[in-house]
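Note that the protein sequences, when read in sequence, are chains L and Z.
To convert, count from 1 in the first sequence and add 197; that's our numbering.
To convert, count from 1 in the second sequence and add 1430; that's our numbering.
Hints listed in this document are in silico derivations from the structure and should not be mistaken for laboratory results.
Honestly, I wouldn't trust all of these hints.
Dumping the calculated DSS-like pairs for lysine-lysine here, alpha-carbon to alpha-carbon at most 27 Å [as the list claims (entries may be wrong)]:
no., chain 1, residue 1, chain 2, residue 2
1, Z, Lys1518, L, Lys291
2, Z, Lys1683, L, Lys316
3, Z, Lys1518, L, Lys339
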Amino acid sequence: MSLALRIRQLSKTYSNGLSALKGIDLDVEQGDFFALLGPNGAGKSTTIGVVCSLVRKSGGTVEVFGTDIDLDFPGAKRHIGVVPQEFNFNNFEKVGDILATQAGYYGLPRALARERTEKYLHRLELWGKRDHAARTLSGGMKRRLMIARALVHEPRLLILDEPTAGVDIELRRSMWSFLQELNAAGTTIILTTHYLEEAERLCRNIAIIDDGRIIENTGVKQLLRQMQVETFVLDLGADVASDFALEGYATRVTDPRTLEVAVQKGQSLNGLFELLTERGLPVTSMRNKANRLEELFVGLLQHGKGGAAA
Amino acid sequence: MNGQEILTAFLTILIKEVRRFTRIWAQTLLPPAITMVLYFVIFGRLIGSRIGPMGGFDYIQFVVPGLIMMAVINNSYANVVSSFFGAKFQHHIEELLVSPTPNWVILLGFTAGGVARGLCVGLIVTVLSLFFTRLHVQDIGLTVLVVLLTSVLFSLAGFINAVFADNFDDISIIPTFVLTPLTYLGGVFYSMDLLSPFWRALAHLNPILYMVNAFRYGLLGVSDIRVDFALAMIVLFIVVAWFYSLYLLESGKRLRQ
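Just chain L, with the same shape it has in the complex (with noise of 0.2 Å):
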């Protein structure tokens, strides 16, 4: 499989001495969904910055789609469209003009830039406020131009760093709907994230970056497969006391009808509720204590690659 994206010993050291990347090796490949995640300050975001060309690298190399940026920039950038953390669109400016404009920028013709940005505007539902001021948009509304921007000229590579951050549910919902379509369609995504939830229903590769350092790089399903614990939650139809035990699982009681028990890689829960229905206790429903992929990410921050047992 070709690479949509190559990086090879990537590092930067900000003026301020600040070392955000100490030599990261990533591979995405062309068609991938994937996901780049990290804490705060992990060094996600200039990753982004070096690929799309915001942020200029110490050394090592970056490729996008065989192309070497060191040697064809703009080559490389005609295939990435970056959708940013933060609006960085003039306010002033009316929404179908800035992305008009985009398009300009990469060299389409204004009639396909018409064509484009009337395509696109429809399909992030913004048609109706093209001759609007992209100061009067609501943030949903300001997220979802943001993409339509760097759709516009059908680049091969999108790139969303946070897409999702500060958006309501339903629309998150619909946000993923649509990138599900636009990958579906052949684009290429990449996308950083702090919502694990979001990289393990979007995602099928991941890396983990931490103190300017992949510390994980693999499928979702692969690192899910790593989980040595998983905790779940479950309400139960009767009282239990508050020091109720299960042998062979660890529980805890956080209130007498709600239990948590910890259930370890190779115990099954056919086991768990077979001893639950013995002592009569009948559970009405149950769920993950936390999102199974947060749980990992936890541990492998906390523990390096020995603590991915969460």
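Got chain L; can you put chain Z on it based on the hints?
Using the frame of chain L, we list chain Z on its own:
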């Protein structure tokens, strides 16, 4: 990018710039018109009538070329410095920086935007001056060339200021403390003949002197300095400002982290 794409990118920047200064015409086109009418009334009519001829012309005829040039200089500079700094401040310059548009096209586009406003204001002021005096044109080709080159130079100067500016104070310091004094001391209101030899020699370090005099020669046929030398100096300043601006863009100083 191929030639057609580059042309599209350039025109996109230019159209955006023209759209910007025409959208806010009350801030960009109206004030210089009002200011220059006041200059024409006060320095031309009221005070000028008591000064008598200068350089062989009525005082108002003498100052009109300088005032037109002053308007062109100020507005070319102001357009680029405010537009580019505004884009930097609001971060929408990133729209351009992440695109494949070559740096020289970005620079050319913003410069052309500054020239467009400079020429627009220059034309408005020229038309207004006709209400106060008869404008003699000695050499139309030279006049247009000088206005164009001057506008290019000060658009580039505005660009450099915008790159280095960190806040809105920084984009007003240069026009207030450098541009305005140089303009007033650049022979807009008087002939170099009025200065003592020392101050006349010192005045030759002022780039605006060459522009005002070359322009005045194009209109009136009189100049304090040789026109070919003045043109050569303007071109030299442009070449230096162009390559320095391009260097700033290429190196990403204050634009990319």
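Tested hints:
For the given pair, Z/Lys1518 sits about 19 Å from L/Lys291 by alpha-carbon distance, which is consistent with the 27 Å threshold. Only pairs whose Cα atoms come within 27 Å are accepted, and Z/Lys1683 paired with L/Lys316 is rejected, the gap being roughly 36 Å. With a C-alpha separation of about 19 Å, the suggested pair Z/Lys1518 and L/Lys339 falls inside the 27 Å cut-off, and the hint holds.
Figure legend: structure checked against the earlier numbered hints; the only hint not met is number 2.
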